[in-house]
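If you read the sequences in order, they're chains A and B. For the first sequence, this note's numbering assigns the number 1 to the initial residue and increments by one for each residue that follows. For the second sequence, this note's numbering assigns the number 1 to the initial residue and increments by one for each residue that follows.
Derived from the structure by calculation, the hints contain no laboratory data. Small disclaimer: the values here were computed from a predicted structure and weren't measured. Note that CB positions come from ideal geometry on N, CA and C, so glycine has one too. Check the hints yourself; a few may be wrong.
Said to hold, decoys possible - Subject to a maximum C-alpha distance of 25 Å in a straight line, what follows is the list of computed DSS-like cross-link-like pairs (lysine-lysine):
{"no.": "1", "chain 1": "A", "residue 1": "K128", "chain 2": "B", "residue 2": "K180"}
{"no.": "2", "chain 1": "B", "residue 1": "K179", "chain 2": "B", "residue 2": "K19"}
{"no.": "3", "chain 1": "A", "residue 1": "K81", "chain 2": "B", "residue 2": "K180"}
{"no.": "4", "chain 1": "A", "residue 1": "K79", "chain 2": "A", "residue 2": "K314"}
{"no.": "5", "chain 1": "A", "residue 1": "K216", "chain 2": "A", "residue 2": "K229"}
{"no.": "6", "chain 1": "A", "residue 1": "K229", "chain 2": "A", "residue 2": "K68"}
{"no.": "7", "chain 1": "A", "residue 1": "K174", "chain 2": "A", "residue 2": "K216"}
{"no.": "8", "chain 1": "B", "residue 1": "K306", "chain 2": "A", "residue 2": "K79"}
{"no.": "9", "chain 1": "A", "residue 1": "K314", "chain 2": "B", "residue 2": "K197"}
{"no.": "10", "chain 1": "B", "residue 1": "K179", "chain 2": "A", "residue 2": "K128"}
{"no.": "11", "chain 1": "A", "residue 1": "K298", "chain 2": "A", "residue 2": "K374"}
{"no.": "12", "chain 1": "A", "residue 1": "K75", "chain 2": "A", "residue 2": "K314"}
{"no.": "13", "chain 1": "A", "residue 1": "K81", "chain 2": "A", "residue 2": "K253"}
{"no.": "14", "chain 1": "A", "residue 1": "K208", "chain 2": "A", "residue 2": "K174"}
{"no.": "15", "chain 1": "A", "residue 1": "K234", "chain 2": "A", "residue 2": "K203"}
{"no.": "16", "chain 1": "A", "residue 1": "K171", "chain 2": "A", "residue 2": "K208"}
{"no.": "17", "chain 1": "A", "residue 1": "K166", "chain 2": "A", "residue 2": "K67"}
{"no.": "18", "chain 1": "A", "residue 1": "K350", "chain 2": "A", "residue 2": "K74"}
{"no.": "19", "chain 1": "A", "residue 1": "K358", "chain 2": "A", "residue 2": "K75"}
{"no.": "20", "chain 1": "A", "residue 1": "K67", "chain 2": "B", "residue 2": "K306"}
{"no.": "21", "chain 1": "A", "residue 1": "K68", "chain 2": "B", "residue 2": "K306"}
As the list claims (entries may be wrong) - Quick look at which bits of chain B chain A covers, simulated, 3 or more residues with Cβ under 8 Å:
{"no.": "22", "region": "106–114"}
{"no.": "23", "region": "155–162"}
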Amino acid sequence: MKTKMFSLVVCVVAGIIVALPNSITWAQKPVAEVVVGNISAMTGPTSGTHTMCQSGSKDYLYYLNEKKGGIEGKKGRVKIKYLSYDSQYVATKAKDGFARLREQGMIVHTHCGAAHSDALLMDYEQAKIPLVTGSQGIASMWSDWAYGNYHSGVANMARSWIVWLKRDWEKAGKPGGTLVLGTIATDEPWVPLSLWDMDSFVKEQGIKFFTETIPKGTTDASPQLLRLKNAGCKQIFVSSSAPGSVVVLNSAKAMNLNIPLTQCAAATLGDVIALGGPELTEGYQGEYFYEPMSKDPKLGASPGLKLARELWEKNHPGQRPNDMYVNGILSGMIIAEGIRLALDEVTPEKLNGEALKKYGLDRIRNFDCMGLTKPISYVPDDHIGPKHVRYWVVRKGFVEPISDWMPTTTFRIPKK
Amino acid sequence: MAHTSFYPPSGIYSDSYRKDMRIVKTKTQWVLSIVSLIFLFAIPQIPFFNSPYLLRLLIGVGITIIICLGLNVLTGYCGQLNIGQSAFVMVGGFTSGLLNIHLGWPFWMCVIPAGITSAVIGAIFGIPSVRLKGLYLALTTLGAQIILTWIALFYIPLTAAGFSVGPITIGTLVFNTPKKFYYVAMFFTVMMTFFAKNMMRTGPGRAFVAIRDNDIAAEAMGIDIFRYKLLAFMICTFYAGVAGSLLVHYMMWAHLESFTLQDSIWYVVMVIVGGLGSIEGTIFGVIFITALKELIFVIGPMVEGKLPFLPIGAGSGLLLVIIGGVAILFLIFEPRGLAHRWNLVKAYYRLWPFGY
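Turn these sequences into a full structure, and let the hints steer you where they fit.
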């Protein structure tokens with residue numbers, strides 16, 4: 001009987017000891033949740049880049065939830081709830097998605113810039129919900145509520161490239177007397193924006209610049225390349241998404257063109273390698289505003305890129321790494337940093353869009369993004385982001401840098 | 001029993017042609033119509049219905065109904081296929097937006113010029129209809145989509161970049177929220193629906209149907225084919241222009257990429273699913289497809305959340321599969337669309353319990 005009683009007491013005590021930590025945990029106040037919204041074109045012409053961008057930001061924020069227990073400031077800790085809707089590349093659907101996310105308690109949203117998401121400008125300004133954009137469209141450049149982490153707007157892609165080449169040409173003693181450059185562009189909707197008011201910029205730079213257009217879907221760009229060659233172009237900028245770029249590369253190869261070609265940021269070198277293969281893309285140049293997943297592993301990686309590769313392995317096992325994933329991770333990092341700073345000033349219960357902007361995003365200074373890009377600072381009237389670009393070249397299916405980080409131009413298409 | 005959908009059911013007698021052509025024939029129909037209208041305009045004040053998300057959805061439905069009504073006049077009633085309707089919406093949208101920002105005209109002064117500009121451009125692209133039919137005509141309207149988009153992209157810098165458009169105002173009242181804009185959208189939807197319904201009772205309406213059924217016979221009866229086909233094109237694109245004007249003032253933003261070929265195809269799908277040659281069918285088709293799209297829009301991310309092995313976007317991608325499947329099923333099992341189903345239900349209800 002005594003033995004039985006003793007056993008019972010031991011069991012009860014053991015049970016209490018085992019249950020105690022759990023009951024303490026249950027008694028603790030649950031960590032507050034904040035909603036991060038994403039409205040991207042998961043279907044439609046840009047779905048390839050938009051899904052990767054979304055995946056990057058989602059995976060990074062959930063990584064913080066799992067590994068760090070959320071995001072913590074001096075006044076509290078929050079976990080992220082990531083909700084997304086497919087804009088279907090339609091402006092009205094983007095607005096529907098925004099309204100729905102707003103009803104679900106969203107305090108910040110993110111996406112890749114495109115015309116359909118530009119239509120959200122009035123919505124997020126009225127709702128006072130900041131946007132952290134993985135790609136500057138047109139309208140986000142005008143808004144005090146939008147924060148970028150990517151290129152300095154579509155119109156700065158060719159401009160920055162011209163500045164880079166002009167600098168090198170001047171260093172080389174201005175061979176030929178006049179720098180002659182060209183661009184071959186598809187007739188995709190964003191292309192006129194990338195070449196917006198280029199004539200006056202070219203005049204200002206004192207160079208010659210020739211433009212050729214190829215229809216989207218064409219299979220041969222030889223006539224256009226030949227005309228650029230005959231015009232004496234030293235380098236050619238390819239203003240196209242990946243399929244058009246592969247057409248240009250095929251045509252260049254067929255005609256043994258030895259003029260260096262550079263891919264604009266509308267597609268990554270990684271996309272072009274995936275589509276055209278390492279042999280065709282060997283020597284093809286491109287611009288990145290961050291350290292890409294396609295970087296040759298032998299060259300080492302920043303802590304940010306190492307983390308990106310880990311997250312990719314975990315969430316996309318067996319798939320070919322995608323460069324736009326890093327772009328999404330950058331969005332996630334900026335959102336997390338903004339929330340962390342804001343939680344230094346307000347409690348989780350008071351964290352809303354306005355508080356996030358005022359105490360978080362507006363106070364981001366020299367944020368290093370774990371070395372993925374140049375440090376980001378947001379100041380009034382300048383939420384562009386890193387404002388630095390680096391040029392890379394394809395070698396044996398990977399990319400390696402051929403320039404240092406250099407400042408981009410910061411031209412803005414005027415608001416009418 | 002199917003034949004009953006084409007004739008007034010037993011119990012409603014018209015002793016003159018005028019009475020036979022009435023849109024609303026019975027007192028019950030009058031009461032139901034008035035109650036429906038009151039409900040329609042009361043929605044923003046009713047709890048649960050007045051969420052901004054739902055109101056946005058209804059605004060989208062209203063504007064799409066206007067677009068599809070025009071398309072149904074041309075394709076359903078007159079038999080001329082148009083797969084470039086979105087381009088004419090774009091013409092109206094840009095016309096209205098440019099008049100608004102450059103000349104400072106308010107929406108109420110822009111909306112009719114927007115419709116007229118679309119109608120004029122539509123007439124130009126309608127000219128080939130006198131010589132072409134079926135798929136050949138469809139290709140010319142596809143050409144309209146490509147040509148008009150190309151012009152907007154490369155020849156008008158402002159339309160290529162997109163631009164902000166002012167909200168609709170009446171005095172100091174600004175229609176810049178879903179709750180306020182809803183009334184404007186519904187006002188135009190009801191008016192345009194009434195015009196379309198009424199138009200089909202007129203001489204031109206009957207001429208459209210005659211041309212659709214047999215253009216040679218119609219010409220033999222003295223109908224000016226060229227004139228009426230062109231008129232159908234103008235009416236169709238006028239509707240598109242008005243809807244385009246509403247759309248840009250609703251979004252307060254006009255951009256080329258809001259008017260794609262894919263949208264044009266959606267409009268055709270809505271009209272086919274609803275029922276070609278039926279005003280009610282147009283409304284049913286738009287509501288049905290919008291509801292289906294919305295279902296996937298909401299459920300897609302949930303499915304992805306519950307099934308983490310699915311790649312990102314797979315849930316949303318279901319939309320295209322399901323809608324494509326629905327269109328195929330409708331073409332096979334109900335080529336006359338939802339409107340025909342509606343007529344069967346009405347006839348059954350009216351004759352019940354003596355539906356022999």
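Check your understanding: Can the restraint linking K81 of chain A and K180 of chain B be considered satisfied, given a maximum Cα separation of 25 Å?
Key -> violated, 31 Å
Practice item. Mind checking the alpha carbons of K229 of chain A and K68 of chain A for me, to see if they're no more than 25 Å apart? Key: Measuring from Cα to Cα gives roughly 55 Å; hence the hint is violated.
Practice item. Could you grab the alpha-carbon distance between K128 of chain A and K180 of chain B and see if it respects the 25 Å cut-off? Key: holds, 19 Å
Check your understanding: Quick one, are K350 of chain A and K74 of chain A close enough, alpha carbons at most 25 Å?
Key -> Cα-Cα ~14 Å, so holds.
Review point. When you check the alpha-carbon spacing of K306 of chain B and K79 of chain A, does it fall within 25 Å?
Key: holds, 19 Å
Point to revise | Outcome, coverage of the region 155–162 of chain B by chain A - at least 3 residues whose beta-carbon is closer than 8 Å to one in that chain | key: With 5 residues in contact (Cβ-Cβ under 8 Å with chain A), the coverage given for the region 155–162 of chain B holds.
Check your understanding: Straight-line Cα separation of K314 of chain A and K197 of chain B no greater than 25 Å?
Key -> violated, 58 Å
Practice item. Would you check the hint for K298 of chain A and K374 of chain A, treating anything up to 25 Å between C-alpha atoms as holding? Key: holds, 22 Å
Check your understanding: Regarding the pair K358 of chain A and K75 of chain A, is the alpha-carbon distance no greater than 25 Å?
Key -> holds, 16 Å
**Study point:** Pair hint K174 of chain A and K216 of chain A, alpha-carbon separation not exceeding 25 Å
**Key:** violated, 35 Å
Review point. Is the Cα-Cα distance between K216 of chain A and K229 of chain A 25 Å or less?
Key: Within the cut-off at roughly 21 Å; holds.
Check your understanding: Straight-line Cα separation of K68 of chain A and K306 of chain B no greater than 25 Å?
Key -> holds, 23 Å
Comparing the model with each numbered hint stated earlier shows that hints 2, 3, 6, 7, 9, 12, 13, 17 and 22 do not hold.
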